[in-house]
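J.: Just so you know, the sequences run in chain order R and W. All residue numbers for the first sequence refer to the working numbering, where the first residue is 211 and numbers rise by one. All residue numbers for the second sequence refer to the working numbering, where the first residue is 3 and numbers rise by one.
Hints were generated in silico from the structure; no laboratory data involved. Hints are not guaranteed to be accurate.
A short list of chain R residues far from chain W (calculated; beta carbon distances all over 10 Å) [unchecked claim]:
no. : residue
1   : V214
2   : Q228
3   : E258
4   : G268
5   : S289
6   : E292
7   : T321
8   : L323
Heads up, simulated DSS-like pairs for lysine-lysine below, C-alpha to C-alpha not over 30 Å straight-line [claimed, not checked]:
no. : chain 1 : residue 1 : chain 2 : residue 2
9   : W       : K71       : R       : K267
10  : W       : K60       : W       : K70
11  : R       : K267      : R       : K223
12  : R       : K267      : W       : K51
13  : W       : K70       : W       : K51
For each residue, glycine too, the CB sits at the ideal point set by N, CA and C.
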Amino acid sequence: KAGVTQTPRYLIKTRGQQVTLSCSPISGHRSVSWYQQTPGQGLQFLFEYFSETQRNKGNFPGRFSGRQFSNSRSEMNVSTLELGDSALYLCASSSTGATDTQYFGPGTRLTVL
Amino acid sequence: AQSVTQLGSHVSVSEGALVLLRCNYSSSVPPYLFWYVQYPNQGLQLLLKYTTGATLVKGINGFEAEFKKSETSFHLTKPSAHMSDAAEYFCAVSNNNDMRFGAGTRLTVKP
Chain R
211 KAGVTQTPRY
221 LIKTRGQQVT
231 LSCSPISGHR
241 SVSWYQQTPG
251 QGLQFLFEYF
261 SETQRNKGNF
271 PGRFSGRQFS
281 NSRSEMNVST
291 LELGDSALYL
301 CASSSTGATD
311 TQYFGPGTRL
321 TVL
Chain W
3 AQSVTQLGSH
13 VSVSEGALVL
23 LRCNYSSSVP
33 PYLFWYVQYP
43 NQGLQLLLKY
53 TTGATLVKGI
63 NGFEAEFKKS
73 ETSFHLTKPS
83 AHMSDAAEYF
93 CAVSNNNDMR
103 FGAGTRLTVK
113 P
């Protein structure tokens, strides 16, 4: 079956703008997690959604938000972009959550100028 | 709170040599432990995971890891390195719906 897809793959924005990233999980998976990966901070957990509800949230400011739709597709939004938001944003899906095997998408590379 | 420490941000081995990537975890409850590999410009791929039961876990591509509760460790090993093993490796711990990753270890394989 098809893997996790993320769109767009690459994105360039300027400071102060907002951005929306999309993630389509593996068919049948109800959990979607988002991670930020940077050279300095490594992989950091943003939040996890399960059946349209946010179950867990990492230590990120309120500018980072997300949602999940009834078909399990998820979006994350970053408002008022800062230079430090430049990162690879990874989405992972699983059947039940973080204790289950997570399947990662290829990521969206966001560059903030 | 749970956390992961990976000892050594860079490890270099010769082709055919033993690969040992170290991971220590901290968790207040029995953990679920994972090793993921990331190739350049790609997402993460699961190598193996420990949930319960047998403490020696075998994964893909000849990798294995042993869960040692007394040492709070989950080191990754492979008897003989291949050039194709060059990548970044991440250890992760989860005990609820929150997965925490280590900083990663970049493995270089020399011919």
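J.: Kindly indicate which numbered hints from before are broken by the structure, ordering the numbers from low to high.
T.: 1, 3, 4
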